[in-house]
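J.: First to last, the sequence lines map onto chains A and B.
Numbered as in the numbering used here, the first sequence ends at 138 without a single skipped number.
Numbered as in the numbering used here, the second sequence ends at 1103 without a single skipped number.
Rather than coming from a laboratory, the hints here were simulated on the basis of the structure.
Certain hints may be false.
Not the full set, but computed from the structure, chain A residues with beta-carbon under 8 Å of chain B [stated by the list, open to error]:
hint : residue
1    : Trp38
2    : Val42
3    : Thr43
4    : Ile45
5    : Ala59
6    : Ser60
7    : Gly63
8    : Tyr104
9    : Ala132
Examples of chain A residues toward chain B, derived with CB under 10 Å [stated by the list, open to error]:
hint : residue
10   : His35
11   : Val55
12   : Val80
13   : Leu81
14   : Trp123
Please read all numbers here as calculations on a predicted model, not as lab measurements.
Note that beta-carbon positions come from the ideal geometry of N, C-alpha and C, so glycine has one too.
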Amino acid sequence: MSDNSIKFPMRTPLGRVRGLGSAKGGTHHWWMQRVTSIALLPLTLWFVFSAASMTGQSFEATQAWIARPFNAVLLLATIGLSFYHAAIGVQVVIEDYTRGELVRTGGILAVKGLCWILALVAGLAVLRIAV
Amino acid sequence: MSKNSDLRDATYVGIRTDGTRILRPKSPHLQVYDMLQITSGLSIGARITGCAWTVGLIFMVWWLAAAASGPDAFADVQWFLGSFLGLLVLFGLSAAAWFHTLAGLRHLAWDFGYGCDMPAVHRTGRAVLIGTAVMTVLTWLVAIIAWA
């Protein structure tokens, strides 16, 4: 047992670092990656098997499936969370393997911008069919 | 050694035995670890499949946008996804998605403090590989049954 666990017996390591760091947000990126991953577990199961069972469906049947409120809401959630999770995930890959401020910051901004655009395109498509 | 344009790289400068300077790799990298080890292989695998899935999201966007555009655009997606290349892409994506999902589950367990000892790491590593195969086959069984 370390000294910390004697001084703060009830606190987890995550609890201790929360609110620390220069911007008081040192764990936000890490935490959001976990939160979105947990949310994406059921959503991904649902989406992958739904998409698989839509194989060979006609245009009309696909539109009707997307238009159902249950599917439309879950699709919007899947789109938003997938692109959020993807953007902050690729950000870490860029931070780890690229050198130079311009490449790093430029790369991260480009990926985030692309993710935003793609998420909006997909979201608008769902809303256009469902609403 | 190239010009150092990043202050953070100052800590990555190393010196070879002959005295010349070299930039160390930034992160544990492909050239450092043995990728045939299940530990490092699955670690970089989680990253690669995450990146592949990110790129693969484009097909979901295309599918949804085409369904919103009209029958002609939708026929184009159907044609591509049903082609040999399209099926190959979809198969690779489904395997990558299941691998990343199961590897992510393993990471979540580690975050909660479970399975961090080496025997468990090897055991869950094998489980991720077997699980990926099982779930990918299951996904395509559903797709083939829906097709027929």
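J.: Now tell me, hint by hint, if it's right for this structure.
T.: Against the structure, the hints:
| no. | hint | in the structure |
| --- | --- | --- |
| 1 | Trp38 | violated (10 Å) |
| 2 | Val42 | violated (11 Å) |
| 3 | Thr43 | violated (10 Å) |
| 4 | Ile45 | holds (7 Å) |
| 5 | Ala59 | holds (4 Å) |
| 6 | Ser60 | holds (5 Å) |
| 7 | Gly63 | holds (5 Å) |
| 8 | Tyr104 | holds (6 Å) |
| 9 | Ala132 | holds (4 Å) |
| 10 | His35 | violated (15 Å) |
| 11 | Val55 | holds (6 Å) |
| 12 | Val80 | violated (14 Å) |
| 13 | Leu81 | violated (13 Å) |
| 14 | Trp123 | violated (12 Å) |
Comparing the model with each numbered hint stated earlier shows that hints 1, 2, 3, 10, 12, 13, 14 do not hold.
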